[in-house]
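Undergrad: What follows is the residue order along each chain.
There are 4 protein chains.
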Amino acid sequence: MKSLANPSTARLLITCPDKEGIVSAVSSFLYNHGANITALDQYTTAPEGGTYFMRLEFQTPHLDISRQVLAKTFGDTVATRYGMTWQLSFASDVKKMAILVSKYDHALLELLWRWSRGGLPCQISAVVSNHDDLKGAVEAFGVPFHVVKVTQENKVEAEAQIQALLQGNDLVVLARYMQILSADFVSQWQHKIINIHHSFLPAFVGANPYQQAYDKGVKLIGATAHYVTADLDQGPIIEQDVERVSHGDNVKTLRDLGEDVERNVLARAVRWHLEDRVIVYGNKTIVFN
Amino acid sequence: MKSLANPSTARLLITCPDKEGIVSAVSSFLYNHGANITALDQYTTAPEGGTYFMRLEFQTPHLDISRQVLAKTFGDTVATRYGMTWQLSFASDVKKMAILVSKYDHALLELLWRWSRGGLPCQISAVVSNHDDLKGAVEAFGVPFHVVKVTQENKVEAEAQIQALLQGNDLVVLARYMQILSADFVSQWQHKIINIHHSFLPAFVGANPYQQAYDKGVKLIGATAHYVTADLDQGPIIEQDVERVSHGDNVKTLRDLGEDVERNVLARAVRWHLEDRVIVYGNKTIVFN
Amino acid sequence: MKSLANPSTARLLITCPDKEGIVSAVSSFLYNHGANITALDQYTTAPEGGTYFMRLEFQTPHLDISRQVLAKTFGDTVATRYGMTWQLSFASDVKKMAILVSKYDHALLELLWRWSRGGLPCQISAVVSNHDDLKGAVEAFGVPFHVVKVTQENKVEAEAQIQALLQGNDLVVLARYMQILSADFVSQWQHKIINIHHSFLPAFVGANPYQQAYDKGVKLIGATAHYVTADLDQGPIIEQDVERVSHGDNVKTLRDLGEDVERNVLARAVRWHLEDRVIVYGNKTIVFN
Amino acid sequence: MKSLANPSTARLLITCPDKEGIVSAVSSFLYNHGANITALDQYTTAPEGGTYFMRLEFQTPHLDISRQVLAKTFGDTVATRYGMTWQLSFASDVKKMAILVSKYDHALLELLWRWSRGGLPCQISAVVSNHDDLKGAVEAFGVPFHVVKVTQENKVEAEAQIQALLQGNDLVVLARYMQILSADFVSQWQHKIINIHHSFLPAFVGANPYQQAYDKGVKLIGATAHYVTADLDQGPIIEQDVERVSHGDNVKTLRDLGEDVERNVLARAVRWHLEDRVIVYGNKTIVFN
Chain A
1 MKSLANPSTA RLLITCPDKE GIVSAVSSFL YNHGANITAL DQYTTAPEGG TYFMRLEFQT
61 PHLDISRQVL AKTFGDTVAT RYGMTWQLSF ASDVKKMAIL VSKYDHALLE LLWRWSRGGL
121 PCQISAVVSN HDDLKGAVEA FGVPFHVVKV TQENKVEAEA QIQALLQGND LVVLARYMQI
181 LSADFVSQWQ HKIINIHHSF LPAFVGANPY QQAYDKGVKL IGATAHYVTA DLDQGPIIEQ
241 DVERVSHGDN VKTLRDLGED VERNVLARAV RWHLEDRVIV YGNKTIVFN
Chain B
1 MKSLANPSTA RLLITCPDKE GIVSAVSSFL YNHGANITAL DQYTTAPEGG TYFMRLEFQT
61 PHLDISRQVL AKTFGDTVAT RYGMTWQLSF ASDVKKMAIL VSKYDHALLE LLWRWSRGGL
121 PCQISAVVSN HDDLKGAVEA FGVPFHVVKV TQENKVEAEA QIQALLQGND LVVLARYMQI
181 LSADFVSQWQ HKIINIHHSF LPAFVGANPY QQAYDKGVKL IGATAHYVTA DLDQGPIIEQ
241 DVERVSHGDN VKTLRDLGED VERNVLARAV RWHLEDRVIV YGNKTIVFN
Chain C
1 MKSLANPSTA RLLITCPDKE GIVSAVSSFL YNHGANITAL DQYTTAPEGG TYFMRLEFQT
61 PHLDISRQVL AKTFGDTVAT RYGMTWQLSF ASDVKKMAIL VSKYDHALLE LLWRWSRGGL
121 PCQISAVVSN HDDLKGAVEA FGVPFHVVKV TQENKVEAEA QIQALLQGND LVVLARYMQI
181 LSADFVSQWQ HKIINIHHSF LPAFVGANPY QQAYDKGVKL IGATAHYVTA DLDQGPIIEQ
241 DVERVSHGDN VKTLRDLGED VERNVLARAV RWHLEDRVIV YGNKTIVFN
Chain D
1 MKSLANPSTA RLLITCPDKE GIVSAVSSFL YNHGANITAL DQYTTAPEGG TYFMRLEFQT
61 PHLDISRQVL AKTFGDTVAT RYGMTWQLSF ASDVKKMAIL VSKYDHALLE LLWRWSRGGL
121 PCQISAVVSN HDDLKGAVEA FGVPFHVVKV TQENKVEAEA QIQALLQGND LVVLARYMQI
181 LSADFVSQWQ HKIINIHHSF LPAFVGANPY QQAYDKGVKL IGATAHYVTA DLDQGPIIEQ
241 DVERVSHGDN VKTLRDLGED VERNVLARAV RWHLEDRVIV YGNKTIVFN
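The listed protein sequences derive, respectively, from chains A, B, C and D. My numbering numbers the first residue of the first sequence as 1 and each following residue consecutively. My numbering numbers the first residue of the second sequence as 1 and each following residue consecutively. My numbering numbers the first residue of the third sequence as 1 and each following residue consecutively. My numbering numbers the first residue of the fourth sequence as 1 and each following residue consecutively.
Looking at chain A on its own, in the form it has when it is part of the complex:
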């Protein structure tokens, strides 16, 4: 389940109304075209009349048609018959990812580090920040670093500038980016922006969650990776985790502990997205991991 894909791996994500025969239809289609299914996960929201989700990994060395024709044929036949929303991707088409960050470096560095060790199957095309503090750390990884200052006055222009820098990416990660993106910006990247929120949502939405957690006296603190929607801190949750704390912790030690949770949670969510393991359904996610 957790193995990184080799270059001949393809992945098919499917969402459709649940009906009998879907597994048979999809697997027979692939078999008939020389694809070897090496992973298959499915989920349905209800035994009768539910919505059906499927993820397949298959190997492509013995395909009897080109990838393009395979995709077109699947769309014209099986997908049409079952009313599927679907997405076919190939591990050899490496995804491009950009990262937005402000001053905190922990989440950013975790991503860069894992990526540099082969743990994130993507190309990191750029890091964009509203501060220049992390320029050296980023460039040490051989990744271009861009500064786009954002103020209340220049917000529209700044976002346009960021958009220009992000063109061509498949995924944008907010690794503790402290600016709120406009609804317009977000709408152009639907389910393609992942944010790390430094609390166990829906607890402690908004600013300064570690202070809120301290004031409340909780015994666990957490972090949440989610897709960004126009509704702040409310997008579909991909992954969460927690760490035990005690009365002996103060806001600073909560933050220190929390940053470790943040970087792990974000790294997992980003990897799952890159491996096509996440399907968004309404305001929730199906994660086949």
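Rather than coming from a laboratory, the hints here were simulated on the basis of the structure.
Okay, derived cross-link-like pairs now, DSS-like style, lysine-lysine, Cα gap no bigger than 27 Å in a straight line:
1) K284(C) / K216(D)
2) K192(A) / K149(A)
3) K149(A) / K103(A)
4) K96(B) / K252(C)
5) K103(D) / K135(D)
6) K216(C) / K252(C)
7) K252(B) / K284(A)
8) K216(A) / K192(B)
9) K216(B) / K192(A)
10) K96(A) / K252(D)
11) K192(C) / K216(D)
12) K252(A) / K216(A)
13) K96(C) / K252(B)
14) K135(C) / K252(C)
15) K216(A) / K284(B)
16) K284(B) / K252(A)
17) K252(A) / K96(D)
18) K284(C) / K252(D)
19) K95(D) / K135(D)
20) K252(C) / K95(B)
21) K19(C) / K252(D)
22) K135(B) / K135(C)
Assemble chains B, C and D onto chain A, guided by the hints.
TA: Showing chains B, C and D alone in chain A's frame:
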């Protein structure tokens, strides 16, 4: 730290303004009267000008004065000098505990089971319920079971009846008791009622937290044990824990998993209270465990 | 994934050499006979030339043939073609389970309790013990309790007596049964006896693992549920878990904490077995949960 | 408990036969010299006749004597009276740490990263490796990097060379250093070398623990940080942790997951050592954290 006390164990809980010399004063007082300190925990909210908390366990076989005189002398000397709020208890004075419950049995049975195996140092004097469903299960443990039906009309009388049944107890546990206690009732048991809430507070306050968790699509569910205050679901948190869930869970499986978390969290909180490990400070708790 | 099955659920477990087309063949066979696949998990030990494992859950209300004919036809066609070892079971054929126990009650009571609340899909036919201590506790659940004393002298006769009591069961659980079963006994119940071992195997095999853990100064203790083979403590592991401990724990508190781990680990392993989620392969298990 | 110390913090570690009056004697001594106790932990191996351990943190701005005189006076009076083994250290005397490493970078980089962010209270004086692969990564943190090749022939000279490089350090960390240090080397750094072992000891001692874990089919993998003794993989355990795995993992994914556990476990153990939270007693540790 986790050892159950033997009958000669005494415990002293202290809250006072932080000042130099407290440890010295308390430990010298005890030493001078023949007490042997076997556990000591302390915490201060700030290095300068904070509030100081201390928990001591000591052994009493060689006390040079009676327990009563020890307490009075401590109060007149050390405690007065440092402005302490304090509480001295003896493991041989076994605490009395009552349990309120409705129809769910998991939290109740966990407590009865652990208690019957010697895991909760208390006497369980009674279980009171607004339903009679659990009568057999409770009486199998040799514990008296009382039914007090509560309706919108009889609420005042019902609470009076419950109060009468609870007299003499040191602790009341709400093991999924589905009636809201009046502010008046609660005020008579300050920091002596422990409730188990079936969510990771402050997320999902109010009714049906598992449905809320399902609708939100969280990846962990939790439970919270807290002291009951007049402010519903807002009392000082004693203990919390979580369990990992996935998109594949429905409300029923969330509840099944959650019930396991609830019973463990409640059992820990109750044991810590019985072992005098919890000090309430404002709306938070210090837990020396 | 975690939903308990309804009575119309059937489950198919398959082990065979990995080849292209298996998913297609199995799912098409089921679809063609009116079965609706509601869960499907698969795993292969290697991308090329590996061993393939599959678990399907499907619903049977609209089968076009009887269950018997479905099984026979599957065996004669798909299973034969792919060289499958397979097992087809129906949730409505409730499995029968017996429990062997000595004096410790925690693992036994956890199973009885979960079973009484509908959490274990089986019929508990009998509890057999070499002591009579737990007779009352077992009979309170309406389960027959049998005592078979075992001594060095009567071991052969005692095992024969136990075998007679166990006839007709699908699963035998050793819930801290302190007698070692003979190789002959074990061989008659291959992959049908589950034991709970009170350590994180392979650490601390043999007697008194909590003492061993204490002497070693480990910072986590664990428990392991495994199938019983003739090789003591070496059978295929089904599930494990751990709990954090510290220098402050002694052998007794390690045991208290460990018993909580044991009962949870055993309950999970037993449920997975009853839901046909476990396939044994060599000395390891595939667990589709 | 978890707060990093400020420069005026001092720490006292004590081991002695348990007797009444120790807390009183130590705390009164400190109070009388103007020290303010801000943390105090204690543990005794037995209620009667045990060995007693204590850790104090106190603040030194108002000491009435110099640090040197404080230490000497304590040694001459309280420590002598109670037969204490003790150690007094000052947070302002920053400890010096060196790291030995081979080719794996994850544990090393975690330490460098946390250190560079202020998370490890020490000076990292040098990294020594038997390979030059990590030279660039280390020097990017401004830390000197030395290569000492070790072969079967030059082992004695190589160790002498390493010893020379390590002189003056308070702690040596083996961050996946793949050479076995000689007993003679180890004896010169008693309880001052911390190793990270990539398994949950005592399971899977020796080479290739991830392969061993895979072959055994365990459901959790772990890592262990321990002090190095002449007895390979058998030194006192400081910290351990585990991560859940499944049949779907292969040796490579076990290693990937395990490396995350390794770096966290090692970072915690090193921090605790640097904060004087660890006392070795026989082959076990007392960790006041």
